[in-house]
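Engineer: Okay, so the sequence shown: first residue is 14 according to my numbering, each after it adds one.
Derived by calculation from the structure, the hints in this document are not laboratory data.
None of these values were measured; they are calculated from a predicted model.
Some hints could be false.
Using 25 Å as the maximum straight-line C-alpha spacing, the simulated PhoX-like pairs for lysine-lysine come out as follows [to be verified]:
#1 Lys39 with Lys151
#2 Lys97 with Lys77
#3 Lys128 with Lys140
#4 Lys66 with Lys76
#5 Lys140 with Lys66
#6 Lys76 with Lys39
#7 Lys151 with Lys140
#8 Lys136 with Lys39
#9 Lys66 with Lys77
#10 Lys128 with Lys151
#11 Lys140 with Lys39
#12 Lys97 with Lys128
#13 Lys136 with Lys182
#14 Lys97 with Lys136
#15 Lys173 with Lys83
#16 Lys128 with Lys39
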Amino acid sequence: GLASESDVFQVYYGDRACVWIEIIVKGNTGHGSRLIENTAAEKAQFLLNEMLKYRTDEKERLKKGQTADKPLQLGEITTINLTKLDGGVQINVVPDQYTLAFDCRIKPNGYDAFKQFLNDLIKRIPKNNDEEVTLVYKQDSGSLLLTDIENSSWWLDSFKRGCEEMKCKLNWTVFPAGTDSRFLRNVGYPAIGFSPMINTPVLLHDHNEYLAKDVFLHGIDIYIRLIENLTNEPKFNV
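Build out the structure end to end from the sequences listed, making use of the hints.
Structural biologist: Below is the structure:
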């Protein structure tokens with residue numbers, strides 16, 4: 014799970030699909046004083062514009078979704094971020110290729126549509142031949158399953174009851190990044206992500222990540238209650 018900056022505990026019943034891609038675009042090279050046709054930079058510009066337009070559309074959808082009765086959350090949209098841009102050797106030579114790397118996190122049930130978007134985008138990039146554009150998947154989680162939290166189950170009911178007993182306010186959502194629980198879900202084992210860390214800034218991969226003493230100790234008490242409840246369930250001991 015993740016820390017929560019409010020007094021509401023976050024509970025994650027799924028992860029967004031993770032797709033890391035590199036797109037290599039090639040074109041003509043030559044001296045920087047010339048006006049060269051069919052350059053890699055032109056293809057990179059087209060590609061970047063289209064990817065960032067997708068990003069902007071999703072960002073706007075998230076913003077508009079805040080006015081709904083149930084506000085849209087980060088795990089419910091698709092995010093795209095340009096994370097690397099490589100190309101060129103020296104300043105007076107037009108590069109013959111650029112490599113653009115993107116970190117894409119796909120909303121639930123949006124994996125197939127996003128893959129189709131990528132395939133269509135590659136076809137639409139202006140080029141003389143297909144060898145000038147290459148799409149490489151550096152990581153592809155595939156479509157991910159979600160844990161059913163609507164229907165009753167002994168372990169989920171036990172978890173909810175334990176949280177009620179500890180007076181925990183819960184927000185059920187999709188994890189915006191990736192956790193190991195996705196592997197369990199995809200082989201048929203329901204799983205949720207829960208880290209009892211409220212009133213704590215989200216500082217993962219940041220400087221000076223910390224957890225206040227009182228939050229840490231309260232989290233231990235919560236885990237004790239949850240584990241006691243789960244292990245005392247009749248179905249747990251069958």
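Engineer: With reference to the structure, classify each hint as holding or not holding.
Structural biologist: Checked hints:
Distance hint between lysine 39 and lysine 151 is fulfilled; the C-alpha atoms sit about 19 Å from each other, no more than 25 Å. Of the supplied pair hints, the one linking lysine 97 and lysine 77 is violated, its CA atoms being roughly 29 Å apart against a limit of 25 Å. Restraint check for lysine 128 and lysine 140: the C-alpha separation of about 21 Å stays at or below 25 Å, so the hint holds. The suggested pairing of lysine 66 with lysine 76 holds, with an alpha-carbon distance near 15 Å, which does not exceed 25 Å.
Of the pairs offered as hints, the one joining lysine 140 and lysine 66 holds, with about 20 Å between alpha carbons and a cut-off of 25 Å not exceeded. Only pairs whose Cα atoms come within 25 Å are accepted, and lysine 76 paired with lysine 39 is rejected, the gap being roughly 36 Å. Proposed proximity of lysine 151 and lysine 140 is supported: the alpha carbons are some 23 Å apart, at most 25 Å. For the hint linking lysine 136 to lysine 39, the alpha-carbon distance of about 14 Å falls within 25 Å, and the restraint holds.
Pair hint lysine 66 plus lysine 77 holds up; C-alpha atoms about 16 Å apart against a cutoff of 25 Å. Of the pairs offered as hints, the one joining lysine 128 and lysine 151 holds, with about 14 Å between alpha carbons and a cut-off of 25 Å not exceeded. Restraint check for lysine 140 and lysine 39: satisfied, since their Cα atoms lie roughly 9 Å apart, inside the 25 Å limit. Restraint check: the Cα-Cα separation between lysine 97 and lysine 128 comes to about 20 Å, which is no more than 25 Å; the hinted pair holds.
A distance of roughly 48 Å separates the Cα atoms of lysine 136 and lysine 182; the hinted pair therefore is violated under the 25 Å criterion. For the suggested pair lysine 97 and lysine 136, the alpha carbons sit about 22 Å apart, so the restraint of at most 25 Å is met. Taking the CA atoms of lysine 173 and lysine 83, the gap is near 20 Å; set against the 25 Å cutoff, the hint holds. A threshold of 25 Å between alpha carbons decides the hint, and for lysine 128 with lysine 39 the separation of about 22 Å falls inside it, so the pair holds.
In this structure, the hints that do not hold are numbers 2, 6, 13, in rising order.
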